[in-house]
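Protein chains: 2
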Amino acid sequence: MTQVFNFSAGPAMISKPVLEKAQSELLNWLGQGTSVMEVSHRGKLFMEMITECDKDLRQLFNVPDNYKILFLQGGARGQFAAVPMNLIGAKGKALYLNSGHWSGMAAKEARNFCELDEISIVDKDENGVISVNRTDFSDIAEQYDYVHYCTNETITGVQIKEIPKVGNAVLVADMSSDIMSKPVDISKFGLIYAGAQKNLGPAGITLVIVREDLIGHACQATPSIWNYETQANSDSMINTPPTFAWYLCALVFKQMLAEGGLEIYAKRNEKKAALLYSYLEQSQFYRNYIAVANRSVMNVTFSTDNDELNAKFVAEAAEAGLQALKGHKVLGGMRASIYNAMPIEGVEALIAFMKKFEAENA
Amino acid sequence: MTQVFNFSAGPAMISKPVLEKAQSELLNWLGQGTSVMEVSHRGKLFMEMITECDKDLRQLFNVPDNYKILFLQGGARGQFAAVPMNLIGAKGKALYLNSGHWSGMAAKEARNFCELDEISIVDKDENGVISVNRTDFSDIAEQYDYVHYCTNETITGVQIKEIPKVGNAVLVADMSSDIMSKPVDISKFGLIYAGAQKNLGPAGITLVIVREDLIGHACQATPSIWNYETQANSDSMINTPPTFAWYLCALVFKQMLAEGGLEIYAKRNEKKAALLYSYLEQSQFYRNYIAVANRSVMNVTFSTDNDELNAKFVAEAAEAGLQALKGHKVLGGMRASIYNAMPIEGVEALIAFMKKFEAENA
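Protein sequence lines, in the order shown, are assigned to chains A and B.
Residue 1 is where the first sequence starts when you use UniProt numbering, and the numbers rise one by one after that.
Residue 1 is where the second sequence starts when you use UniProt numbering, and the numbers rise one by one after that.
I should point out that these hints are in silico values taken from the structure, not numbers from a laboratory.
Check each hint, because a few of them may be wrong.
Chain copies aren't distinguished; within one or between two, either way the pair holds.
Unchecked claim - No more than 30 Å apart at the CA atoms, straight line, and that leaves these computed lysine-lysine pairs for DSS-like: (1) LYS68 with LYS93; (2) LYS93 with LYS267; (3) LYS68 with LYS108; (4) LYS91 with LYS21; (5) LYS356 with LYS312.
Could you build the full structure based on these sequences and the hints that come with them?
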């Protein structure tokens, strides 16, 4: 089989050693003669596995002791609803920072559950270049129960690299598409959430890291599977959790620790992105429309000036084993998602293909 | 490795050919060089897979054309909240039939989202035998937007074998623990839902079968991932679905069709349960406390008169390869869950062990 590199924005690549381990024990987990999918989540072995998963994640991501880690269902989209249900309190209002599609969707969903103000924090200049224009909200943030933003907009490839300033307000981040791509000072956040299907594991499980003092204030009309207090008191098991997805996340964390932790991943991710953006910068054929300061390390968007050429690029790349390079339908063009599991060889192969395609079509 | 039989109540056994198929293609799905976990849910191959899954399920479970099939996240517990959000309408009130733990939990959760009346429909006689005392609600049902019940109480092993009469009211069933164990006249229901982890596949995906005229009436405060209209209009993909769990369900349906469909499963399930209940009936050592008419074909509960003996039974059975026979903590004793994937050999092995244990301990 030809070497394949999968640039899917999510569900995305999973590290090969993790998949191989899962494959090898799929019918016989820990010598029990059953699949990890078939055992009770309340059984001794599964409980041991999730305890170790919590420990590994705390070590890897440097999660402070006063934060709870929850593994929930419903995706980031579920948290779009769950966050206001759990965090709206005395102030009765939240602030949403809009940096693109996903942060906008978060605000749209939240409007069904709370009052909110929404501020656009991106500009597009006369050449179509998008940049983030504001990250300091310390003058207004404390009027709100929380301030919500998205650290990395998967569709455009806009990443907010400095943590917004919000004074003593509670900062909430949707980190779905760049979580654990680098070390983060978690103490700056009240709550972090992320769908697993980019950097953590397969689709169907959602990580929530929440400061303990923010737990216990959910409104009555909070579905119990999303009530942070109920779930924190039940090891994220008030109902049957997505056990296989959780197990895979646990394997991913072990793999990341074995490879040396987030510093190593951060360096590798920076290197991959730098290779690709440097190539794009010097090209007259491909363009990226994100300001240098906000270029995503995870999702690199680019396009030619011609929709037909873009379609041809995507099709020929797929034939060459470079899969899923089509941009999101709301933006068009191309997008290379180069999450943690993408090796540098994948980026090198992509650049080689881009050069060849440019030579043939420019 | 010794032959193991896993009597877990859920997550439960998955058919071995399904697990073997998943294992064989875990790193290379359909020759793509990637795992099914790593590909976009909106990609051509995944879309083809779910289209076929819908078709297979319609054929297998005889789903009428005026019903939509949704695959959602959040488990049955999520639907405890989603059902009132979507179905409460002009009448402003629902009726919940309480036959044990899970139907009671459904009502408890629903109270956060709607007004409801709750009627206990089980009796316990002087010997502790539980029976269902009422299934005709046609005199009162039409006052309510819907009538909710649970077809099979997993903890006690109480199964309601005749469909409750509700006149022209909308009947909603939590079928989590007996779905697709036998053919069902779906036209009698407005909505059926089930967590997958007993008869359909792994934990982390929830099947909803809903009559089309009931779609489109969700209240505003319905999280979009549970809005039946939004999901029905988006192939259950308004956010990233749990792709691997969905894929496994699709494999289970194919396997069931290959084995001859639900009639075959129904006969096999009846035979397995009859073997076990006949043995329990003649025993002076083990007791089952469910009236004959309501004995579950899926979850067979039994116990000795002695808690220590029960614990010894569970431990020695596990050593003999008969796993997860401990009863739910709210009931104690033993429980053998014998879902679709449990072969008759598992039940025979259990009975042989029960005889041996009785001989040694009576």
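Each hint, compared with the structure:
no. : hint               : verdict
1   : LYS68 with LYS93   : within (24 Å within a copy, 37 Å between copies)
2   : LYS93 with LYS267  : neither (39 Å within a copy, 58 Å between copies)
3   : LYS68 with LYS108  : both (27 Å within a copy, 26 Å between copies)
4   : LYS91 with LYS21   : neither (48 Å within a copy, 54 Å between copies)
5   : LYS356 with LYS312 : within (13 Å within a copy, 70 Å between copies)
Hint violations for this structure: numbers 2, 4, all remaining hints satisfied.
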